[in-house]
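Those protein sequence lines, which keep their order, are chains C and E. Okay, so the first sequence: first residue is 18 according to my numbering, each after it adds one. Okay, so the second sequence: first residue is 18 according to my numbering, each after it adds one.
If you're looking for bench data, these hints aren't it; they were derived computationally from the structure. Among these hints, one or two may not hold up.
Any copy will do: because identical chains look the same in the list, a pair fits if it lies in one copy or spans two.
To be verified - Below, simulated DSSO-like cross-link-like pairs (lysine-lysine); rule was C-alpha separation at most 30 angstroms, straight line:
1. Lys24 - Lys169
2. Lys105 - Lys212
3. Lys211 - Lys24
4. Lys381 - Lys22
5. Lys212 - Lys24
6. Lys381 - Lys264
7. Lys354 - Lys211
8. Lys211 - Lys242
9. Lys216 - Lys287
Protein chains: 2
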Amino acid sequence: MNNTKPKVVILGAGMGGVKAAQCFADAPVDVTIVDQNNYQFFAPLLYQLSTGILEESEIALPVRQFFHSQSNVDFHLGCVTGFDTEKKIVATDTGDISYDYLIVALGSTTRYFGMSDIEEHSFPMKTLSEAAAIRDHLMRCIESAAHETDEKRRQALLTFIIVGGGPTGVEEAGAIAELLHDTLPPDYPHLDLKKADVKLIEMTDSLLMMMPMSLRKSAAESLRKKGVDVRLNTAVSNYDGQTVTFKDGETLSSHTLIWASGVQAVDICKELGAEQAGDGRIIVNKDLSVPGLPEVYVIGDCAHMVEKEGERPLATIAPYAMQEGACAAQNILAQIKGQPQTDFVSHDLGAMAMVGRFAGVMAKGSMKMDGIIAWAAWLAVHVIRLAGWNTNFIVLYKWLLNTLFGTRPACLTSEKQIVK
Amino acid sequence: MNNTKPKVVILGAGMGGVKAAQCFADAPVDVTIVDQNNYQFFAPLLYQLSTGILEESEIALPVRQFFHSQSNVDFHLGCVTGFDTEKKIVATDTGDISYDYLIVALGSTTRYFGMSDIEEHSFPMKTLSEAAAIRDHLMRCIESAAHETDEKRRQALLTFIIVGGGPTGVEEAGAIAELLHDTLPPDYPHLDLKKADVKLIEMTDSLLMMMPMSLRKSAAESLRKKGVDVRLNTAVSNYDGQTVTFKDGETLSSHTLIWASGVQAVDICKELGAEQAGDGRIIVNKDLSVPGLPEVYVIGDCAHMVEKEGERPLATIAPYAMQEGACAAQNILAQIKGQPQTDFVSHDLGAMAMVGRFAGVMAKGSMKMDGIIAWAAWLAVHVIRLAGWNTNFIVLYKWLLNTLFGTRPACLTSEKQIVK
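Modelling step: build the complete structure from the supplied sequences, incorporating the hints.
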């Protein structure tokens with residue numbers, strides 16, 4: 018094809034990548050957005066997938082559906098396998114793609130800080146299939162417990178440990194506690210689910226570090242009321258699939274350890290050949306370009322962005338990824354026109370977390386809320402942000418039934434997968 | 018536990034197994050129902066899962082939810098691995114279970130008639146994960162076609178072959194044709210999906226053998242109007258994943274062959290040591306017990322039940338499985354009381370099949386219908402039969418949107434599965 022328009026390739030169809038592509042609407046460029054899945058998923062609701070509240074299609078939307086009215090965007094299904102920044106080519110398992118400008122928005126994966134036993138035996142929760150694997154495992158543990166006559170073994174099957182007191186850990190712990198105490202008891206009349214033990218383990222002295230202190234305490238209190246054993250100032254040092262070992266030497270029998278305690282940039286980032294921070298994030302210039310590679314921009318969870326000298330890098334959250342996506346797109350358009358680039362400026366949209374039914378926390382600037390108001394606000398914000406109008410209605414309906422009756426329609430085990 | 022009540026073990030929580038268990042309500046027996054999944058799924062809607070219309074939780078319900086008000090039923094999650102009919106023990110991968118009376122309701126699997134190449138390369142559709150694997154494959158074929166520059170290879174990616182003109186094949190062919198022609202075109206502006214080729218292959222001279230001749234013709238006509246190439250009197254002899262070979266020597270390039278052409282009893286049936294028909298079904302007495310094993314009953318797809326000498330065995334459909342489940346339960350209760358068993362008598366509930374939007378066929382006795390009325394009746398019957406009141410509403414909503422706009426929310430690829 019004869020085509021003289023500059024070609025922009027965006028790697029990753031997450032929040033940042035899709036936002037960047039949308040910012041090229043009507044611009045004289047050809048955009049290709051690449052992802053290893055044909056959908057974007059909404060990570061803040063993975064915990065609801067992992068606990069049987071929602072299903073895949075409710076938190077995932079085919080990437081192509083974002084671009085029905087934007088004819089300069091094409092989608093390429095493929096997994097990035099390498100970069101040739103001299104020839105300006107990205108390699109994928111479904112073919113090479115050449116670019117004039119590149120936006121790397123490949124996101125993050127779970128970080129285990131070198132603890133390979135934990136990596137082998139714990140459950141991460143960063144993708145749809147990881148969340149579905151947790152759901153399958155939870156249901157199987159409870160089924161095994163229902164027929165286990167040995168009390169110690171039964172207790173180990175009913176002990177669920179979540180490591181990491183950020184929003185994911187808090188939401189997962191609350192959702193598992195409610196699953197065990199509200200949803201499942203009618204299904205298991207002969208199993209005393211009150212004995213189930215949900216522990217949320219946090220290394221520092223409080224949950225939800227990004228929140229004001231009063232809300233951190235409120236979240237911990239709400240979780241404890243729901244029956245979660247919140248253990249602060251506690252670190253896990255090992256897990257072999259049967260026994261958790263804490264840093265102070267204490268051990269505990271459990272068949273389930275969910276690791277929500279660390280993120281790092283996806284591995285493929287190192288193939289770019291750029292300087293990386295300790296967590297693998299690529300160190301970017303203030304305009305989000307990569308030092309020495311002026312046509313390559315990195316945004317979102319795989320960018321190490323420091324706005325002001327001496328500050329911590331920006332958190333790996335969706336609002337910053339989207340803001341960075343918009344900035345990178347503007348800077349590419351400026352570059353094409355020969356205009357100067359703009360430095361990235363973040364806008365804090367506040368923070369919120371769901372603790373469980375009628376319990377949430379949210380903060381923005383000096384505004385702080387908890388309890389039922391923050392819970393309702395959380396529901397509203399998440400259903401609005403969720404892409405796909407036709408599923409939003411289903412999500413609201415499922416949340417309504419869950420709130421009223423504890424209903425969770427997707428408490429299903431998984432079959433062994435067919436490999437073709 | 019001291020327990021002198023007779024113990025009934027039901028293997029399989031499909032339509033027949035669950036019905037049998039329900040028929041023991043208030044009876045002085047302890048029932049254990051065993052399944053390798055924690056749910057029952059509604060097989061007639063698997064084709065909607067495989068084509069992105071519905072999702073798992075909408076056609077599957079946890080087994081335990083059938084028995085909230087029936088305290089003499091327990092559920093055991095496990096895969097049957099063997100039988101000891103002398104000691105009256107069933108072995109499963111999660112432990113042995115002893116019984117006084119046994120109902121085998123393990124269902125059927127796909128039959129390839131010894132064609133191992135077809136078994137290796139084609140897609141069966143008898144379980145949730147098999148249907149989900151088809152969905153993933155369809156989406157990947159279309160994505161590959163979108164970037165394929167070689168016309169021949171693109172056409173092979175867009176050629177979808179369904180073998181078997183029974184209800185499953187008819188419904189799958191119609192659903193794939195509508196997926197390609199109604200749902201996906203807005204997602205693929207640069208791909209001419211009109212060139213996609215859906216072929217339904219049937220060995221005999223008509224589709225839907227159980228229907229009156231006029232409806233068989235009506236179904237074929239409706240499918241052809243939807244763009245399906247219906248090939249009667251045609252048989253497939255080989256498939257290597259790239260090329261289909263027909264019995265007359267013709268070949269055709271295609272990346273997709275869905276095999277809906279044969280069923281046989283699940284393999285484990287042979288471990289029972291009873292006489293089997295050619296399709297593996299266990300030959301049962303008129304009261305559904307196994308010759309020589311008076312405390313073992315076989316029902317549903319794995320029973321070879323001939324009501325009258327010289328007739329064909331009963332078809333492998335859900336209504337007969339449920340009727341047999343009720344009969345087996347009654348006969349076990351009669352045996353316990355020392356009363357005589359009753360012979361099974363089937364009741365024909367008629368047959369129906371969905372061809373696509375506004376097109377269905379149904380027949381019962383001398384009553385015959387096709388077109389929009391049969392289509393509406395199909396929807397009504399299937400949503401009523403579907404277990405789980407809270408998902409029925411979601412299914413109706415999804416069908417409404419699908420009918421009005423072609424919407425299919427679950428057109429998602431699958432991630433490579435995590436093996437833990």
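We went through each hint and held it up to the structure:
no. : hint            : verdict
1   : Lys24 - Lys169  : between (61 angstroms within a copy, 28 angstroms between copies)
2   : Lys105 - Lys212 : neither (58 angstroms within a copy, 34 angstroms between copies)
3   : Lys211 - Lys24  : between (59 angstroms within a copy, 29 angstroms between copies)
4   : Lys381 - Lys22  : neither (42 angstroms within a copy, 63 angstroms between copies)
5   : Lys212 - Lys24  : between (59 angstroms within a copy, 29 angstroms between copies)
6   : Lys381 - Lys264 : neither (35 angstroms within a copy, 70 angstroms between copies)
7   : Lys354 - Lys211 : neither (65 angstroms within a copy, 40 angstroms between copies)
8   : Lys211 - Lys242 : within (13 angstroms within a copy, 58 angstroms between copies)
9   : Lys216 - Lys287 : neither (35 angstroms within a copy, 46 angstroms between copies)
The structure is inconsistent with the numbered hints 2, 4, 6, 7, 9, although it conforms to all the rest.
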